[in-house]
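Visitor: Chains as they are written, first to last, in the UniProt record's numbering: chain A, 1 to 356; chain B, 1 to 417.
Derived from the structure by calculation, the hints contain no laboratory data.
One should not assume that every hint holds.
To be verified - List of simulated lysine-lysine pairs, BS3-like, C-alpha gap at most 27 Å:
id	chain 1	residue 1	chain 2	residue 2
1	B	Lys63	B	Lys223
2	A	Lys226	B	Lys55
3	B	Lys203	B	Lys218
4	A	Lys39	B	Lys40
5	B	Lys203	B	Lys190
6	B	Lys218	B	Lys169
7	B	Lys218	B	Lys5
8	A	Lys110	A	Lys319
9	B	Lys63	A	Lys226
10	B	Lys40	B	Lys5
11	B	Lys71	B	Lys218
12	A	Lys226	B	Lys4
13	B	Lys223	B	Lys190
14	A	Lys226	B	Lys203
15	B	Lys218	B	Lys190
16	B	Lys223	B	Lys169
17	B	Lys74	B	Lys190
18	B	Lys71	A	Lys185
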Amino acid sequence: MQREVGTLPLAPALRARLAAAGFQTAQELLDTGPCGLSKEIGISREEALEALQVVRQECHGDTARAAGGSGATRKCTALELLEEEQTQGFIITFCSALDNILGGGVQLTKITEICGAPGVGKTQLCMQLAVDVQIPECFGGVAGEAVFIDTEGSFMVDRVVDIAAACVQHCHLIAEAQPEEDHGKALETFSVENILSHIYCFRCRDYTELLAQVYLLPEFLAEHSKVRLVVIDGIAFPFRHDFEDLALRTRLLNGLAQQLIITANEHRAAVVLTNQMTTRIGQSQSTLVPALGESWGHAATVRLIFHWDNTQRLATLYKSPSQKESTIAYEITVQFHHCWLHVLMETRCHSIFCRF
Amino acid sequence: MAAKKLRRAQLSQEMCERLSRYQITTCQDFLCLSLLELMKVTGQSYHEVQKLLCKVSRACAPKMQTAYEMKLRKSVNPSSAFLSTTLHSLDRVLHGGVPCGSLTEITSPPGCGKTQFCIMLSVLATLPVSMGGLDGAVIYIDTESAFSAERLIEIAANRFPAYYDSDEKLLCMTRSIHLYRELTCCSVLKRIMSLEEDIILKKVKLVIIDSVASVVRKEFDTKLQGNLAERSNFLNRGASVLKYLAEEFTIPVILTNQITTALSSGPGLRADLVSPADDLSLSEGSSVSGKRDSGYVTAALGNTWSHSVNTRLILQYHDLPTRQLLVAKSPVAPFSTFFYTIEKSGLILQGLLTFFKLWYSTVRISPDRKDQTNLVWEGTNPALQPIRVRNTALKDTLHDAALPSTTGETSRNTSNL
């Protein structure tokens, strides 16, 4: 109630008038009432009433927060957080080494960034995750839906069909090997058509469309509450050309990152971004580093870098709050990402997976 | 979409006027401002501004479609999803041919067959759908003046003698190939920007730019400061317009690229993030593993450009008459190699039997993959895939003639196991 007038979310012109008239705290405004306010400042009664309603809402929100109720900011003890984290879902990638270094899979409510050279498999992994997020809970999945925001035009439906078919087949194999009650029921609805109809694709051609789409994302997620994964394939592409003002770019990217974190938290969804690599010219040599600059490195919670070593594809966990930095080898097969184990080299052609 | 005026985003007239006083007229300007700035500029309260943001976002956000709808749309018209190259093994690996709706790049050293491939594809695009073509016109942007109309007719007449049995038909085909000669980056960009109208007017089904690299490398010297950024800017802009055209009209866009020498500056470059050594370059003589010569030849235009193209095909020399086609980057195909020669009728793939013999000693054949010996599951970084040039091929034939070992194409399979 002692809140200063200048911090209230009113129109700037109105705030200026209130300050000029001498109002300092919100309590004063509420005590004056709409008629008195309109006379003193020279605005209509309706406007005054509107302003007072906003003030009342804000103050009510403030007191609720002060009393420890649910508001825009949450607070809880570390124990509650631990319990939450332990029951938190992971989106498995079906590549057990990758899941291991990530600590179980792609985590919900966190932003994971995948950087890599061209052609290394970033989009493939994203498409795979869009299918894996839909695995029913009895098979170890999170039974969610996926939003795929494509900025580079690399989303290939045929490939997703392949991956989905392989996933369905794999679940059938599990159900046969260890039959349980819920398996049968879950498998009825888990078909390729169903999987495809729960992947919502948006094609953003430039950064304006991307910004617009991210602003509308909370609304979309509120309507489709089962979405557990948001993939932005190619966050670097729209920001890397037509930008003379680098400061603006940094600001927009930071704003985007913030919005994505809020969205991820509120809807318990995982956000996966893919980034390009760019050449940084040093004194004597040039190295490949993730694009979009150093400050962007802070945006993601978990950072994976995909790279080549001769002809072997490797994934390195570069940044994570809970797992240590490590590298694994993987390959892309007809079905999907597959972890390299010596045993599997022989049976690579068949769909037997190391995880189960 | 970005340049959409706020008036059309259904904002009120007075709001638009007020915003235009601050030079905010398009959706792009509006969305680039932070919430506080928007409050100042519009004079509205916080909640009102959020509602305005949603309104403007809705005006420029893309439409949603599920993957299922995309698949249905594709299956309704399957033949229009790709352009068959009539090189059967290549088509099979690419799931049909050159994909429509995305950018395909063809890279090769000089004289390997890029322009031949492009000319061949132009002929294929003008064929009727029943013969595997797209039944449409072709826009060919030539920056090197390498297009030869006579060669075009020769390829058409020899490849499809049954169809092009009269001069009439040949001339009709040539009439639907529109050639533009552009010699500077600026004019190429301008031409790309104006393609939209031409595509609709002339019912174009294929756009070829031969070659992007020649104009860019002429004008941008990357050793000069600032040129690298400008070059990337130009390339990115071109790429995004081309992608938009490819997707909007669902046509294939083919670009050709040149080669450059990537100097490996010692251990720094071979650090984790980047390094492809291909046996093709190792066979150049450096036998000690880990030691590399001064450099190797790879696709030009840098790393960023490799991100922009969706499919990358590399043509390179194998030995003098035979050349090799690599699928270096593709969202649907694994890394594969094919041998081909250039004949009167364009490119002809070598039969499986021939290179089965070549690969026999090197590839491990798993029982159910006997007929796909050309498929290799590993790949290499498409941005740094080393490419054989003519000299290397020449050197190797002499080298191989001297030593009784397996051919220069030692597979990476053996080195990995």
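Visitor: If a hint holds in the structure, say so; if it doesn't, say that too.
Guide: Outcome of the hint check:
1. With a C-alpha separation of about 43 Å, the suggested pair Lys63 (chain B) and Lys223 (chain B) falls outside the 27 Å cut-off, and the hint is violated.
2. A hinted pair counts as satisfied when its Cα atoms are at most 27 Å apart, and Lys226 (chain A) with Lys55 (chain B) qualifies at roughly 24 Å.
3. The hinted pair formed by Lys203 (chain B) and Lys218 (chain B) fails the criterion: a straight-line CA distance of about 32 Å is larger than 27 Å.
4. Taking the CA atoms of Lys39 (chain A) and Lys40 (chain B), the gap is about 25 Å. The hint holds against a cut of 27 Å.
5. Annotation: proposed proximity of Lys203 (chain B) to Lys190 (chain B) holds, straight-line Cα distance about 20 Å (limit 27 Å).
6. Taking the CA atoms of Lys218 (chain B) and Lys169 (chain B), the gap is near 39 Å; set against the 27 Å cutoff, the hint is violated.
7. A C-alpha spacing of about 38 Å is found between Lys218 (chain B) and Lys5 (chain B), which places the hinted pair above 27 Å, so the restraint is violated.
8. Of the pairs offered as hints, the one joining Lys110 (chain A) and Lys319 (chain A) holds, with about 13 Å between alpha carbons and a cut-off of 27 Å not exceeded.
9. For the proposed pair Lys63 (chain B) and Lys226 (chain A), the alpha carbon gap of about 20 Å is at most 27 Å, so the pair holds.
10. With a C-alpha separation of about 20 Å, the suggested pairing of Lys40 (chain B) with Lys5 (chain B) holds against the 27 Å cut-off.
11. Annotation: proposed proximity of Lys71 (chain B) to Lys218 (chain B) is violated, straight-line Cα distance about 42 Å (limit 27 Å).
12. A threshold of 27 Å between alpha carbons decides the hint, and for Lys226 (chain A) with Lys4 (chain B) the separation of about 33 Å lies outside it, so the pair is violated.
13. Proposed proximity of Lys223 (chain B) and Lys190 (chain B) is supported: the alpha carbons are some 26 Å apart, at most 27 Å.
14. Distance restraint check for Lys226 (chain A) and Lys203 (chain B): the Cα-Cα separation of roughly 43 Å exceeds the 27 Å cut-off, and the hinted pair is therefore not satisfied.
15. With a CA separation close to 17 Å, the supplied pair Lys218 (chain B) and Lys190 (chain B) stays within the 27 Å bound.
16. A threshold of 27 Å between alpha carbons decides the hint, and for Lys223 (chain B) with Lys169 (chain B) the separation of about 50 Å lies outside it, so the pair is violated.
17. Distance restraint check for Lys74 (chain B) and Lys190 (chain B): the Cα-Cα separation of roughly 32 Å exceeds the 27 Å cut-off, and the hinted pair is therefore not satisfied.
18. Using a Cα cut-off of 27 Å, the hinted pair Lys71 (chain B) and Lys185 (chain A) holds, with the two alpha carbons roughly 26 Å apart.
Checked against the numbered hints above, the structure breaks hints 1, 3, 6, 7, 11, 12, 14, 16 and 17 and satisfies the rest.
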